[in-house]
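*Asks:* Required output: the full structure, derived from the provided sequences and hints.
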Amino acid sequence: MLKFKPSTDKAKETKPRQKTNWLKVLTISNIVIIALVAIGIGSMAVIHQSDTNPNFCSTCHIMQPNVTSYQTGNTMDNVHQQAGVECKDCHDYPVPAEIASGVNYLVGNYEVDTQGKILKRVYTDEMCLDCHISQEYVADVTDFLFRNPHNSHWGFMPCSECHISHGEQIDYCSSCHDNGGQRMTGEPIEDRGKIGHLEQITSSD
14 MLKFKPSTDK AKETKPRQKT NWLKVLTISN IVIIALVAIG IGSMAVIHQS
64 DTNPNFCSTC HIMQPNVTSY QTGNTMDNVH QQAGVECKDC HDYPVPAEIA
114 SGVNYLVGNY EVDTQGKILK RVYTDEMCLD CHISQEYVAD VTDFLFRNPH
164 NSHWGFMPCS ECHISHGEQI DYCSSCHDNG GQRMTGEPIE DRGKIGHLEQ
214 ITSSD
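So the mapping is simple: the numbering used here equals the position in the sequence shown, first residue as 1, plus 13.
Rather than coming from a laboratory, the hints here were simulated on the basis of the structure.
Some clues are possibly wrong.
[Unchecked claim] Simulated restraints on C-beta separations:
no. : residue 1 : residue 2 : range
1   : Asn87     : Val108    : 33 to 39 Å
2   : Pro171    : Phe69     : 29 to 35 Å
3   : Ser56     : Gly121    : 24 to 30 Å
4   : Ala58     : Ser188    : 46 to 52 Å
5   : Pro171    : Ala48     : 46 to 52 Å
6   : Asp143    : Val108    : 15 to 21 Å
7   : Asp143    : Gly53     : 24 to 30 Å
8   : Tyr150    : Ser42     : 52 to 58 Å
9   : Asn66     : Leu39     : 37 to 43 Å
Predicted, not measured: the structure shown is a model, and the values here were computed from it.
Yeah, the Cβ is synthetic: ideal placement off N, Cα and C, and Gly gets one too.
*Replies:* Below you can see the structure in the form of structure tokens.
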């Protein structure tokens with residue numbers, strides 16, 4: 014036969030249910046929401062500055078000479094600046110890569126040349142052709158030149174063979190030819206009738 018233990022006062026005792034402190038919950042929730050909004054706005058401000066303000070980029074990256082040439086130089090990057098091309102139109106990297114770049118800068122994990130300048134980036138035609146469409150298109154645009162540098166007897170050459178965004182341009186064709194008086198970015202504007210092949214035609218008349 015089963016025997017039941019008599020109930021005791023302790024068994025009947027139950028812990029009182031704690032009331033939820035809604036004021037505390039609401040306060041913490043508001044703090045979290047405000048913090049998230051502040052982080053979101055701050056992130057958007059940083060992204061906007063990095064998209065539109067070259068000087069902002071130079072606060073972390075060793076690139077002040079590039080910023081100066083972009084804004085006031087006589088180089089290809091200033092030509093892009095005048096056309097409304099911004100830094101991140103070319104230098105657009107995934108967020109993880111941006112974070113890694115910032116960390117590497119802070120800890121000094123980057124390489125420089127013998128003059129203490131950051132190493133130049135090696136880039137392919139893909140960067141240029143994001144805007145300039147294709148090498149065939151560029152060749153058509155410059156087809157009016159006496160010698161078309163974008164459709165030479167060497168075929169299609171890498172853009173960087175002549176075009177240096179943050180530096181002096183390389184007149185590759187002129188290493189062998191007079192190049193028909195072609196003027197490279199950064200060179201003074203001269204009367205094309207007095208230089209190159211056109212000068213020869215004029216003198217022969």
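*Asks:* Each of the hints needs a verdict: does it hold here or not?
*Replies:* Okay, the hints, checked on the actual structure:
Between Asn87 and Val108 the CB atoms are about 34 Å apart, so this pair conforms to the stated range of 33 to 39 Å. Taking the beta carbon of each, Pro171 and Phe69 are about 31 Å apart, inside 29 to 35 Å as hinted. Checked against the hint of 24 to 30 Å, the C-beta distance between Ser56 and Gly121 comes to roughly 25 Å, which is consistent with it. Distance hint for Ala58 and Ser188: a CB-CB separation of about 48 Å, consistent with the stated range 46 to 52 Å.
Between Pro171 and Ala48 the beta carbon distance is about 49 Å. The supplied range of 46 to 52 Å therefore holds. The beta-carbon spacing between Asp143 and Val108, approximately 19 Å, falls within the hinted interval of 15 to 21 Å. At roughly 29 Å, the beta-carbon separation of Asp143 and Gly53 lies within the given 24 to 30 Å, and the hint holds. Between Tyr150 and Ser42 the beta carbons are some 56 Å apart, a value that agrees with the proposed interval 52 to 58 Å.
For Asn66 and Leu39, the Cβ-Cβ distance of about 39 Å falls inside the hinted range of 37 to 43 Å, so the restraint holds.
When held up to the earlier numbered hints, the structure conflicts with none and fits them all.
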